[in-house]
Amino acid sequence: MKAQEVERDMELPVIEAIQQGDPYAMEELIRRQDRWVRGVIFGVLGRMDEVDDVSQRVWMQVWRQAKRLEDSANWRSWLYRIARNAATDTGRDKQRRKRLLANLFTGKPIKQHNDASPQNRLIANEQYQNMLDAIVSLPRLYREPFVLKHLQDFSYRQIAETLELPVDTVETRLVRARRLLRQKLAGKV
Amino acid sequence: MIDERTELLINRKLDGELSRAESLELDKLLIRSPEARALLEEYQGNDSLAAETLHKVISNENAVNDFTASWNQSIKTRKQRVRYLTTGAAIAAVITLAVLIGSIPTDQPTQQPIVHNTTDMDNKIDEPSMVAHAAQNKKLTPLRVIEGPRREQERTLRDVFGVYDPQTKSVYFLEANHTQTTAVPVSMNY
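Those protein sequences? They're chains A and B, same order as listed. Read left to right, the first sequence gives residues 0 to 188 (numbering that gives the first Met the number 0). Read left to right, the second sequence gives residues 0 to 189 (numbering that gives the first Met the number 0).
Any given hint might turn out to be false.
Claimed, not checked - In silico PhoX-like cross-links for lysine-lysine, where the CA-CA straight-line distance does not exceed 25 Å:
#1 Lys183(A) - Lys55(B)
#2 Lys187(A) - Lys55(B)
#3 Lys27(B) - Lys12(B)
#4 Lys66(A) - Lys75(B)
#5 Lys78(B) - Lys66(A)
#6 Lys183(A) - Lys12(B)
Unchecked claim - Listed next, the stretches of chain B that the computed footprint assigns to chain A, with coverage defined by at least 3 CB atoms under 8 Å from CB atoms of chain A:
#7 36-47
#8 50-56
#9 59-73
These are calculated hints, taken from the structure and not from any lab test. From the three backbone atoms N, C-alpha and C, an ideal C-beta is built for every residue, glycine too.
Based on the sequences and whatever the hints tell you, model everything.
Here you go:
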């Protein structure tokens, strides 16, 4: 927990340099925070097929909007909002397109693509695939804190701050996420 | 069967959120309950597999390069868009200017009194400057018919003739301008 807080402070000069228009600082931030951003996007979308595109869009927005960030100490919430909104918009667009196509051509809903399997990273290990399927099948409510916890080892407080939720709610959601995951993985792992 | 309290404590332990008192409480529960121990082990296994899976799937080694590529692409696209917009705006400006110049009447509309003497007007209307426009002139409303105020407008028409000279292998263009007068009735409210 302490390590995360120290890391947070260490990012401040990087954020300030980005605000000054330093491209090297931008690269540094991407190197350090890309996994977290992708985790947030995956938590919201619940599939891997568009994480690459959305994360690129997020970093472009960060680079363009960095000057508008007034309180650089709040960069984490700001970055989370950008990533969450980009992922939510993508999800909405995709759903809208699917609905339109379904109505236009067949009148029946189009069969869902198996989003659980990442397109660019083949997971040969069946256990990983089962786990990914189980995480993907979690409701977004539980998936978001679960991914933040397991990807970055955030504390309850940090997850609560990021998701703008009470700490108790975060804890409850993590308990339920583990319970659901256990049920889904019963006999598979 | 595991009670909720035990499950909560197991979760807190896994998340590193257990207080000292809670840690002692959980230790006692784990000693007493093999089910609780099994659950803790299962959750531990799931957690480590979940973390491993997420790291494997979500990490992207080429994030920086991808960003640089997208950024360069976006700059290129923006430059291209600006070029298109500039060209489009220039074309639009030229067209607007041409339309404006073409639509400006050479004379301002004038209000004339009722015409009783038609001789001059006849001359004006039946005196086309170009034979080619005789048919067009026939469509015009003769001024003598108009009772009441009327508006007179003059338009300049241009005819362009092309003549090919085989000796010099050149084409000569001749431009002939002529004026056409139109009269339209004007309604007025008093």
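We went through each hint and held it up to the structure:
{"no.": "1", "hint": "Lys183(A) - Lys55(B)", "in the structure": "holds (21 Å)"}
{"no.": "2", "hint": "Lys187(A) - Lys55(B)", "in the structure": "holds (19 Å)"}
{"no.": "3", "hint": "Lys27(B) - Lys12(B)", "in the structure": "holds (14 Å)"}
{"no.": "4", "hint": "Lys66(A) - Lys75(B)", "in the structure": "holds (22 Å)"}
{"no.": "5", "hint": "Lys78(B) - Lys66(A)", "in the structure": "holds (22 Å)"}
{"no.": "6", "hint": "Lys183(A) - Lys12(B)", "in the structure": "holds (22 Å)"}
{"no.": "7", "hint": "36-47", "in the structure": "holds (count 5)"}
{"no.": "8", "hint": "50-56", "in the structure": "holds (count 7)"}
{"no.": "9", "hint": "59-73", "in the structure": "holds (count 9)"}
Checked against the numbered hints above, the structure breaks none of them.
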